[in-house]
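Chains as they are written, first to last, in full-length UniProt numbering: chain H, 1 to 200; chain W, 1 to 200.
Simulated from the structure, these hints should not be mistaken for lab results.
Keep in mind it's a predicted model, so treat the numbers as computed, not measured.
Be careful, since some hints might not be right.
The list treats identical chains as interchangeable, and a pair is accepted whether it falls inside one copy or across any two copies.
Here are the simulated lysine-lysine pairs, DSS-like style, with alpha carbons at most 30 Å apart [unchecked claim]:
| id | residue 1 | residue 2 |
| --- | --- | --- |
| 1 | K42 | K23 |
| 2 | K23 | K76 |
| 3 | K42 | K76 |
Protein chains: 2
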Amino acid sequence: MRSSPLLSQLMEALRCLPGVGPKSAQRMAFHLLQRDRSGGLKLADALQQAMTEIGHCQTCRTFTELEQCAICSNSKRGESAQLCVVESAADIAAVEMTGQYSGRYFVLNGHLSPIDGIGPSDIGLDLLSERLANERISEVILATNPTVEGETTAHYIADLCRQYEVTATRIAHGVPIGGELDLVDGTTLSHSFAGRHRLS
Amino acid sequence: MRSSPLLSQLMEALRCLPGVGPKSAQRMAFHLLQRDRSGGLKLADALQQAMTEIGHCQTCRTFTELEQCAICSNSKRGESAQLCVVESAADIAAVEMTGQYSGRYFVLNGHLSPIDGIGPSDIGLDLLSERLANERISEVILATNPTVEGETTAHYIADLCRQYEVTATRIAHGVPIGGELDLVDGTTLSHSFAGRHRLS
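Please build the complete structure, drawing on both the sequences and the hints.
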């Protein structure tokens with residue numbers, strides 16, 4: 001028996017967060033009520049604002065509340081002729097963390113998946129074609145995930161690039177730095193053999 | 001560089017939840033934006049309501065938006081002469097889950113801790129004294145945590161019970177059911193020896 005319907009409602013609502021089960025939801029609810037009500041209220045406001053106001057960048061389809069995201073509206077990056085295609089906005093954060101890439105992005109917000117009825121227009125490839133036709137892009141770096149769907153999507157976009165005579169490249173897959181060879185799975189290892197390059 | 005200030009604000013706000021670091025906060029924010037905006041809005045509402053409306057039960061001090069919680073206002077349970085004292089409202093949920101206890105509760109919302117300036121009135125012991133004086137209570141079951149502060153608090157309340165000529169009992173501590181003896185720490189094991197009881 002719960003002593004409070006509002007408390008049960010809060011615990012239930014917290015379970016929409018990924019990785020949060022009944023036990024964590026209870027812990028979170030009690031923590032907020034007991035120790036951090038102002039934090040809880042701030043979170044409520046932030047959620048309300050983010051869920052209603054954040055849309056997609058009209059150029060690269062990442063999440064933003066503006067018409068153009070900070071990267072697309074940055075004139076320095078706009079000069080770059082490189083366009084990196086990723087599956088989700090979170091992937092941009094990962095690439096940005098490396099500090100090695102200073103070009104532009106395009107977010108698919110998914111991948112091709114005919115079984116689920118997800119076709120080229122659902123992942124914004126019409127917008128991408130438009131950009132390939134109208135913008136000065138010399139290289140499209142395909143950074144989709146190394147899954148069956150990600151690979152299929154990468155190959156589909158590579159075909160698209162060919163139509164517009166733009167070079168398409170795929171990020172390298174192989175043994176991760178710091179990883180040990182005997183702990184790496186066979187598929188990754190054969191990729192890393194196939195993708196070997198000459199040292200001398 | 002973040003593409004959206006609102007998104008950064010949401011990730012920052014999510015970190016008020018216990019066990020949520022920068023990486024989980026990012027995962028949660030992207031999950032809500034990409035897949036479950038309605039869930040996010042529901043959570044915002046539930047948080048807003050819970051943080052502003054939930055207070056404490058006037059009888060047992062657990063969390064509720066009503067004057068009296070569901071357990072205190074349940075006449076069947078009100079007839080019980082047993083009162084279980086716990087440190088937090090979450091502990092009530094744990095005891096209720098056992099289905100073995102049908103008495104009433106009293107929530108301290110903390111424990112005695114002179115170093116942190118937490119004295120008897122901060123954990124509602126004035127209200128408890130009042131209940132011991134005015135209600136028909138025959139046994140106070142002390143279910144505070146088996147920590148130094150929890151033990152101190154239990155002993156303090158046991159002294160209080162003596163003044164009102166009410167029996168105070170402490171829940172048993174020992175080897176957990178299903179646990180293995182050689183994996184149990186020494187303190188627990190010595191508690192379980194000290195608390196042994198006669199079988200025949």
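Quiz item: With identical chains treated as interchangeable, where does the CA-CA distance between K23 and K76 reach 30 Å or less: within a copy, between copies, both, or neither?
Solution: So K23 and K76 pass the 30 Å test across copies only (28 Å; inside, 48 Å).
Quiz item: Can you tell me if K42 and K76 fall within 30 Å by alpha carbon in one copy, between copies, both or neither?
Solution: neither (35 Å within a copy, 40 Å between copies)
Quiz item: Given identical chains, is K42 near K23, meaning Cα to Cα at most 30 Å, within a copy, between copies, both, or neither?
Solution: both (23 Å within a copy, 19 Å between copies)
Checked against the numbered hints given earlier, this structure breaks only hint 3.
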